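2 protein chains.
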Amino acid sequence: MMTEFEFIRNIKKKYGLDRVGDDCAVLPKDSKTDLVVTADLLVEDIDFRLDWTTPEFLGQKALTVSLSDIAAMGGTPRWAMLSIAVPETLWRGDFLDRFYEGWHRNARKWGVELVGGDVSRTPDKFVVDSIVGGDVPAGGAVLRRGAKVGDAIVVTDRVGGSAGGLKLLESGRRAGEQNESWEEALLSVHLQPSPQTGTGVFLRERKLANSMIDISDGLASDLKHICNASNVGARVTAESIPLDPNLRNLIEDFEKRFTFAISGGEDFQLLFTLPRENVSELSAGPIDGSDHGVFTVIGEVTSNAGVIEIVRNGKTEILEAKGYRHF
Amino acid sequence: MMTEFEFIRNIKKKYGLDRVGDDCAVLPKDSKTDLVVTADLLVEDIDFRLDWTTPEFLGQKALTVSLSDIAAMGGTPRWAMLSIAVPETLWRGDFLDRFYEGWHRNARKWGVELVGGDVSRTPDKFVVDSIVGGDVPAGGAVLRRGAKVGDAIVVTDRVGGSAGGLKLLESGRRAGEQNESWEEALLSVHLQPSPQTGTGVFLRERKLANSMIDISDGLASDLKHICNASNVGARVTAESIPLDPNLRNLIEDFEKRFTFAISGGEDFQLLFTLPRENVSELSAGPIDGSDHGVFTVIGEVTSNAGVIEIVRNGKTEILEAKGYRHF
Chain A
186 MMTEFEFIRN IKKKYGLDRV GDDCAVLPKD SKTDLVVTAD LLVEDIDFRL
236 DWTTPEFLGQ KALTVSLSDI AAMGGTPRWA MLSIAVPETL WRGDFLDRFY
286 EGWHRNARKW GVELVGGDVS RTPDKFVVDS IVGGDVPAGG AVLRRGAKVG
336 DAIVVTDRVG GSAGGLKLLE SGRRAGEQNE SWEEALLSVH LQPSPQTGTG
386 VFLRERKLAN SMIDISDGLA SDLKHICNAS NVGARVTAES IPLDPNLRNL
436 IEDFEKRFTF AISGGEDFQL LFTLPRENVS ELSAGPIDGS DHGVFTVIGE
486 VTSNAGVIEI VRNGKTEILE AKGYRHF
Chain B
186 MMTEFEFIRN IKKKYGLDRV GDDCAVLPKD SKTDLVVTAD LLVEDIDFRL
236 DWTTPEFLGQ KALTVSLSDI AAMGGTPRWA MLSIAVPETL WRGDFLDRFY
286 EGWHRNARKW GVELVGGDVS RTPDKFVVDS IVGGDVPAGG AVLRRGAKVG
336 DAIVVTDRVG GSAGGLKLLE SGRRAGEQNE SWEEALLSVH LQPSPQTGTG
386 VFLRERKLAN SMIDISDGLA SDLKHICNAS NVGARVTAES IPLDPNLRNL
436 IEDFEKRFTF AISGGEDFQL LFTLPRENVS ELSAGPIDGS DHGVFTVIGE
486 VTSNAGVIEI VRNGKTEILE AKGYRHF
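So the sequences go chain by chain: A and B.
Every letter in the first sequence is one number past the one before it in the working numbering, and letter 260, counting from 1, is 445.
Every letter in the second sequence is one number past the one before it in the working numbering, and letter 36, counting from 1, is 221.
These aren't lab readings, by the way, just hints derived from the structure by calculation.
Because the structure is a prediction, the values reported are computed rather than measured.
Worth double-checking, as some hints may not be accurate.
In this list, chains with the same sequence are indistinguishable; a pair is considered to hold if it fits within one copy or across any two.
[As the list claims (entries may be wrong)] EDC-like cross-link-like pairs, simulated, lysine to aspartate or glutamate; straight-line CA separation at most 16 Å: (1) 392 with 369; (2) 333 with 485; (3) 199 with 282; (4) 500 with 440; (5) 294 with 241; (6) 392 with 362; (7) 500 with 424.
Turn these sequences into a full structure, and let the hints steer you where they fit.
Okay, here's the thing in structure tokens:
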């Protein structure tokens, strides 16, 4: 029995929605530049819940998910379109004003111009399709398929915080209410994620990444995507993965916390591979200071195609296809 | 009280979804070429009904609505993205296969490549966001704002057929069932419209159109959009408008039929203006023979900004803001 996740992947492959099998489609723009373009569909009660977020946060995140795809190609975002289907209950009132305020604030920050889109009614659920186009130098887009045996595997910033925030929302916590500071921090990672735009551009400009993806499905799944696209394997050291430190308050046991963090989606960090000898060059970035740019080597690329090994305390376990199998 | 239509227009203006106020956004591509790009959102039970169409027809039409926007700029369509939100009831079975078959058949016909998109679940209603990108020579896109006083106003092919088909669907008729041939023809105009792609390119290449729009809201509304964007008025001769001949079987009275036809949307014909002296050059087109290319002069551009006059039997009436006021 396929999971919904696998089913959607299959649909995308089957019908050509995933032609390049990457975060963005890459299209020739001019002799020096390629266009990278992505679409992300968010459906109420599937991809978000209105009572868990604010209209501003939702507008912000709707753009971030697409900016993150552009970042994963090493692209510079330029323009966006936004298609929204709005139920009658949201027509009136300030919902749309606040949604667009969040969207536009994020767009201004990253220099993205809204150039079009569409509006329709919907019988009940709010739907957003976020489309972003960006530039990369011709042939310079960082794909998933370039990982080489022996490469270091690197992740930006921290992982698992978004899954932690989601778990808090599921348990009834809401942002801005009487939370501990660690709870507020996790909620913020989930509700107001930032794209790693500056870091993506830095890695592409310095030619530091052989392959790259953004962590939207979860570190384990997204590493698998790189391995499959590159026809390689990966060996990861469990203790080296930079788990969000606030997760410690949520899940005490390391193994449970680790499994939780690498299985959780929507971190919007970058996961990439590069030759070992170039790892020291990462300390120069990111060049624009606009995001964190903390890099952690978590493992290395192996020749064991499609297999992800997790090493902990000198013992090696195989990550199973459907997610992480704990020790 | 605003109509839903006006409300959506306002939303698009207010939030910048309609920046150029045109059928597509126009973005610089290279020194010789601009990118034209459009998004069209279709929501089940708002924009279509699954029991009124077939999955193939729906896939075909989802692409046509966007191809028509590209045509209205004089653009050549190149690539597309498709975001779909699918309810569980449609996951299984052959719905998606058939939907994509209709989409791809249309895409092959017009040389459009599917490069990406997204898939999500939806609690109940099927949602499609259709995105198409195309090319025009730099600065060559035909906008809505170029109509000049004295220009002839021209429409392609026939109008009102789609509204006729919709009326038949509302009254219980279904395509492929036991219909008269005129009924089947009207149903086909509504369910399987064709974009005027070849004609749009012809008009742009020969520099024959000062302003252009596709008829998606209805001839009356779309002529108004040209007038508003160009700060001009229009005088139209009622008898000259090429009503779909099959409408005669549906609505006997000419005035009712006329009002019905110019108020009905989704004809996906082109409506454009050009200098009187160039009208004879229209007979050369369209160059690729891929669509009808029948041109009818229906009136002229006036200096009476924002006012559309309808002339019948020598009497002139003003078309009211909210639609056509009958004689």
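Verification of the hints:
1. 392 with 369: neither (37 Å within a copy, 59 Å between copies)
2. 333 with 485: Close inside one copy (9 Å), not across copies (66 Å); limit 16 Å.
3. 199 with 282: between (38 Å within a copy, 9 Å between copies)
4. 500 with 440: Answer is within: at 13 Å inside a copy they meet the 16 Å cutoff, but 84 Å across does not.
5. 294 with 241: Within one copy only: 15 Å inside, 42 Å across.
6. 392 with 362: neither (44 Å within a copy, 61 Å between copies)
7. 500 with 424: within (12 Å within a copy, 85 Å between copies)
In summary, the structure is inconsistent with hints 1 and 6 from the numbered list given earlier, while agreeing with the others.
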